[in-house]
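Once you've looked at the hints, dock chains B, C and D against the given chain A.
For the protein sequence lines, the chains are A, B, C and D, in the order given.
Per full-length UniProt numbering, residue 1 is the first one in the first sequence, and the count goes up by one each step.
Per full-length UniProt numbering, residue 1 is the first one in the second sequence, and the count goes up by one each step.
Per full-length UniProt numbering, residue 1 is the first one in the third sequence, and the count goes up by one each step.
Per full-length UniProt numbering, residue 1 is the first one in the fourth sequence, and the count goes up by one each step.
Keep in mind the hints are simulated off the structure, nothing from the lab.
Warning: the hint list may mix true and false statements.
Identical chains share a label here; the pair holds if one copy fits it or two copies do between them.
Straight-line Cα separation of at most 30 Å, DSS-like style, residue types lysine-lysine; simulated pairs [unchecked claim]:
{"#": "1", "residue 1": "K133", "residue 2": "K420"}
{"#": "2", "residue 1": "K161", "residue 2": "K70"}
{"#": "3", "residue 1": "K246", "residue 2": "K357"}
{"#": "4", "residue 1": "K46", "residue 2": "K130"}
{"#": "5", "residue 1": "K357", "residue 2": "K74"}
{"#": "6", "residue 1": "K246", "residue 2": "K79"}
{"#": "7", "residue 1": "K133", "residue 2": "K256"}
{"#": "8", "residue 1": "K420", "residue 2": "K357"}
{"#": "9", "residue 1": "K161", "residue 2": "K420"}
{"#": "10", "residue 1": "K357", "residue 2": "K122"}
{"#": "11", "residue 1": "K46", "residue 2": "K122"}
There are 4 protein chains.
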Amino acid sequence: PALSPATAARTRVAHCTVKTDSRRQELMPPISDAILDTSCILLWLKEQGYDIIAYLANIGQKEDFEEARKNSLKFGAKKVFIEDVSREFVEEFIWLAIQSSALYEDRYLLGTYLTRPCITCKQMEITQWKGAKYVSHSTTGKGNNQVRFELICYSLVPQVKVIAPWKTPEFYNQLKGYNNLMEYAKQHGIPIPSPWSMDENLMHISYQAGIPENPKNQAPPGLYTKTQDPAKAPNTPDILQIEFKKGVPVKVTNVKDGTIHQTSLELFMYLNEVAGKQDVGHIDIVENCFIEMKSRGIQQAPAGTILYHAHLDTKAFTMDREVRKIKQGLSLKFAELVYTGFWHSPECEFVRHCIAKSQEQVEGKVQVSVLEVQVYILGQESPLSLYNEEPVSMNVQDDYESVDATGILRLKEYHHLQSKITAR
Amino acid sequence: PALSPATAARTRVAHCTVKTDSRRQELMPPISDAILDTSCILLWLKEQGYDIIAYLANIGQKEDFEEARKNSLKFGAKKVFIEDVSREFVEEFIWLAIQSSALYEDRYLLGTYLTRPCITCKQMEITQWKGAKYVSHSTTGKGNNQVRFELICYSLVPQVKVIAPWKTPEFYNQLKGYNNLMEYAKQHGIPIPSPWSMDENLMHISYQAGIPENPKNQAPPGLYTKTQDPAKAPNTPDILQIEFKKGVPVKVTNVKDGTIHQTSLELFMYLNEVAGKQDVGHIDIVENCFIEMKSRGIQQAPAGTILYHAHLDTKAFTMDREVRKIKQGLSLKFAELVYTGFWHSPECEFVRHCIAKSQEQVEGKVQVSVLEVQVYILGQESPLSLYNEEPVSMNVQDDYESVDATGILRLKEYHHLQSKITAR
Amino acid sequence: PALSPATAARTRVAHCTVKTDSRRQELMPPISDAILDTSCILLWLKEQGYDIIAYLANIGQKEDFEEARKNSLKFGAKKVFIEDVSREFVEEFIWLAIQSSALYEDRYLLGTYLTRPCITCKQMEITQWKGAKYVSHSTTGKGNNQVRFELICYSLVPQVKVIAPWKTPEFYNQLKGYNNLMEYAKQHGIPIPSPWSMDENLMHISYQAGIPENPKNQAPPGLYTKTQDPAKAPNTPDILQIEFKKGVPVKVTNVKDGTIHQTSLELFMYLNEVAGKQDVGHIDIVENCFIEMKSRGIQQAPAGTILYHAHLDTKAFTMDREVRKIKQGLSLKFAELVYTGFWHSPECEFVRHCIAKSQEQVEGKVQVSVLEVQVYILGQESPLSLYNEEPVSMNVQDDYESVDATGILRLKEYHHLQSKITAR
Amino acid sequence: PALSPATAARTRVAHCTVKTDSRRQELMPPISDAILDTSCILLWLKEQGYDIIAYLANIGQKEDFEEARKNSLKFGAKKVFIEDVSREFVEEFIWLAIQSSALYEDRYLLGTYLTRPCITCKQMEITQWKGAKYVSHSTTGKGNNQVRFELICYSLVPQVKVIAPWKTPEFYNQLKGYNNLMEYAKQHGIPIPSPWSMDENLMHISYQAGIPENPKNQAPPGLYTKTQDPAKAPNTPDILQIEFKKGVPVKVTNVKDGTIHQTSLELFMYLNEVAGKQDVGHIDIVENCFIEMKSRGIQQAPAGTILYHAHLDTKAFTMDREVRKIKQGLSLKFAELVYTGFWHSPECEFVRHCIAKSQEQVEGKVQVSVLEVQVYILGQESPLSLYNEEPVSMNVQDDYESVDATGILRLKEYHHLQSKITAR
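With the rest of the complex left out, here is chain A (with noise of 0.2 Å):
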């Protein structure tokens, strides 16, 4: 390891350090609890003479950021940003996963992954204005996250020292094992949470470690939170209308109450309401990993996965085939350059241009009915389709003739359709 805490103590040094939900979910089960943890690494650094700057990003998990504000503070922050990248996530990040129809391993729409950059970006323009010569995080020398953590940082400032308890024997040794841990906090007056790992943002929510961790096990009753319970989900569909442009949904229409919502983070919030209320969007999948083996954890995600399905749709609706299977090929690279922390590499920027391009004509609206854990597609219009009532139809017997197996009547609708768009 680069650096010895201990001795990079001794210069003065502005220090951001990382707290949040989002990139900590590695660590130390039964008691893993990102307050607990990013505590005892802040007084740990301080002890370690770091001066300390404390971030924390509201990327819409639930939170009481006023009491983390005073924690950190408590526990020997010199300065703490809370900074809400809510907006941000969903325009800058979920849009393309939505764009791009991006799955991991065919079940997983990459919630925890997308929040990587996010965060750290902003966290990084601090550590910048600031001059902090050093970053740090709360990840283990164990899982993915340091590695996709630690991608980014070294990306967008080349130059910074990432400090990382958990990979330093120092800290390690010291508090590992759960004794020495509730030891630890009890004595800094550290609060104890809940009994296993959980990943929470705008996109999703994830449970690892603890009791959901075996595999063989099944999901306790009480751990859903941002889907409800199917057994308690209510009878009646909920009808929404969802417009996209250009791959992105544009305006979101209750159908049955006319309740309308026009931009990304509201339109993204109502969808997580009306589908977190049906239970829609929860998965339990054994995830193959980064750098160790395979992983099993709990997933929601009620508005992605009405969007991946209303935009699948659309996207069917107007999207040329041969496009989109090249497409297809794009977005699998897409979700592995997410899922592995690649975000901010030359290959994610060309990918990220080239699934943008593809979705300059992804536009109409979709009618969609959420009832109890499933999306159903009722219908579909867009002045930009591809759908060409006459020739799909098979009311009519006309002249096709075998030829058309080359592709040329595909082409032909293709530029009648694109001397349309044109002449728009």
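Chains B, C and D only, in chain A's frame:
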């Protein structure tokens, strides 16, 4: 067109006609029905002077086969073959689809397209056995199915001639249009069926054209036949344990009542029964077509949907993540080849071999809860799991070093597992 | 076939006929020659009652254009357009092929297939300008070119009708066979050309059929026209410095004599001259075909081969390796699309956009030695190089840690370079 | 770092040291030489208290093995293993590279990287046989090779500990810098070698660092050792007939003098001799590296280059074009895996299986002319050829219809060929 039936008819020929729901999906709404149009074709071919061998595949559809046999003979077939290909369909076609996790355009389990090579193989066997020089099909010049069907015919029996009445002016000029066809049917005592195109087999049922054709319309309430209306689904989940070997289900146990099914066809039918009751596997999508443009269809695939999810989880639990990525690319190709009718091509044989190879260690038992349109994974266990409790667990702070980021840990686990497998 | 020329001819129509070496490659050996068969077609179309506008593209082939004009008028064309599309061909088609490093089946620089959309675009412009209702081409029903040509025609002018005499029984029944065609030619004073099919343009020359057709045969010694017989190549190398901007050559300097060429067409022709003298770019391959099976052809692409190598080196020097891998997949797709005639398709437009995007930083000067069939790279420099002398150099033992295996170093270098570029 | 050699040395251990040109390419220029740095490491490890088993692979490099044995013993090895792995290298590694047509970044035949798993496998065999607890290598912390080497060691013998002196501060602080190393070498009588890094094996020779390191520089004239200076190449071509079975060469016949070679190692060495004389297979490239950035190297791979071209042609002649496209994607992956050191990974095992499967019908005889840096294909024949003279030939106007564009003709030919093969 290669063949003018009028002249061909002068030589006495044996003729196989195709008669099954599963291959005439694009036909002539609003009166599209297999029995109707196949009957018309049979009669018309007889009028052209052909000797007709009728063929009907039993591939799991609900149909009165004896009625069909009687009608075929009544309308002029010299001989009728009604062949039950259900078991071949499950073992040689559906199992590979499950192993590959193939989805067409992210959503569609390929239920219709998997039947094509299965049905046609048997037909071509009869064609060769009976020395028929011609085969006929009832698809039109507009749709995908003509290409799928003809590709397979010519692949398997290169010297055969295909007669496609709906591409033959003498036929379609006489029968096109609702009134003409109705008239012709009435004259010959052919019954008039339901107003939309329906395609049923063991794997799925789909509805196309007629009312559901316009994507702005919602499906009519009475449309569901393979799954139950969600409003009527029971309130208690069924808990099933599904055991996989080499990526294929070999045993299904109902955990509550202890029912066990262990042969391919029986366990698949049992899953259809359980999942259908809960309305699992219902989708309503706009599909990209091969030759023409987009079309809208409602699809139901109850057993296939359960197995898709259960297999995904077993795969995640036992398959190396990098092998999976490569296999994922092959599966996209496989889905495309099935969709476009290239099952019997060299590339599809190659891809099927590779996918089967990738499944050698996909083995384990997965518990699923089937409740109201949703499949939940409850738990997983496998003797071949890459899920090694120690390394993933967050409970242990051990000597993982950052060098593991290169993949050394993954390879260690893999070779460790291999040595255990070899030792068995 | 949609159109019977005999009946179409009853209405007075303007007709564009195609007349260029570049699109009639599969024709009638052993007397396959553009002038011969195009002349026959022209005469035959006139006999069917069409008004004919002849069109000949100058795309860099050696041809007596005035002689061609005279012959066209003599054989009955109402009007003759001879259009020089060389510059468009280099800038809009060849440059993209260079940027993509596209090879068909690992070896073939796509010289013939790049011309198809270029030639046909101009023809369709004339077709629209002159209000012609029909276009004609001289490819047969057997080859790839019919599909390539017709795909483009229908893409660009959907309502046009294509007349393909070699797919029209009235034509080919009259003229098929050596004697018939010779007879017809003699009767109408059409000259008899060389005994094999040859396709020449700025990018390459290919020979097919006739003697070289059997893959067991070796090419006859006198066959080379674009490159020199290697036995006669000079003994001293030419040293060229080629400068790239955005992946495209913008300047070629002959290091020995100081000659400089800076415009696209001129520098490409100069490279053809230098490389042709040294027999660079000569290949003799079995090519997989689109519709039919394999065919053997000899290909020469002097300038293209130099640029292929020089661009590869500049790319390796300036393009991130992960971007390159993604782009490589897109290039395989691009090569396939060019080969199969889908230049004007939505997927090709998308792929071309993405490839061009990947080239934004491919900039630098590369020195190459051109000597006797081989291009050697001598050296490389670039302001946008990712080749950072310090990190790669083996001279320095520095503080690289094993964590670099995760890719942190690569990202640091990339963002460092980006900041330098932004600063420019 | 896991292991401090100083403490480890307290227990008496057997130690395998690695001593071969092929794995120390990034080392300490300008005095980088295997003998030098391996000798220094050997001496240094002995000083740390290890018992040393020296290992040197004979993988086709020109080297005085007896001199190496003497030196190893002189510098303190307890035992020396000099293992000839040439035949395994050809049959188990090079042949697969030929089958896959693998190029790294479009140009590089992977000559260096193919040796890694071959050399290390044998080393790990000895390690296990002798019960050694440590293995050592002489690559630095900066380069790609450390990862490649360590991945393989840990894959094959998970419990082994790797000692990497160039990543160990105690070692590199003492020996870094030209003067220190020279001093240490002189003190111990270690000979001083050539001024650049050279890596030789049967497949290729490469030069890196020192003079050729700066990409602006041209290679010094005396650098070539595996191929002849092109200026001195003979003026007459060698004509070889190469016979392939399952994508692998099984017989090489010199057409002029009748010489025949039929075993893998002998025919490969013979091709090296013939091609080397003509300077075939010489490239000079900037290579993207795995961990660090770009590096420049000169590569020569005479036999590999001939086989690459001959195999491409046999493949084009006998392999279906769509199988080829899928296999091409797998080959890109294979090249990446070889390059990054993942030969012994599950994904590489899977990819190798699939590639070998694709080669089952790649069989035939190809004649090549080898003259002055160029391989010309002269002709091809194969009993398994898809080149069916009738359909491709332009001499026959037959009944091909446009429907062939769908691929029916291709499938007919394939199944026709399959039935012929089955009949054999």
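Against the structure, the hints come out as follows:
1. K133 / K420: Cα proximity of K133 and K420: across copies only (22 Å, versus 56 Å in one copy).
2. K161 / K70: within (27 Å within a copy, 48 Å between copies)
3. K246 / K357: Classified as both: same-chain Cα gap 9 Å, cross-chain 19 Å, threshold 30 Å.
4. K46 / K130: within (18 Å within a copy, 51 Å between copies)
5. K357 / K74: neither (49 Å within a copy, 51 Å between copies)
6. K246 / K79: Intra 41 Å, inter 47 Å, cutoff 30 Å: neither.
7. K133 / K256: For K133 and K256, the Cα distance exceeds 30 Å both inside one copy (55 Å) and across copies (53 Å).
8. K420 / K357: both (19 Å within a copy, 27 Å between copies)
9. K161 / K420: between (55 Å within a copy, 22 Å between copies)
10. K357 / K122: Both: 27 Å inside a chain and 28 Å across chains, each within 30 Å.
11. K46 / K122: within (23 Å within a copy, 52 Å between copies)
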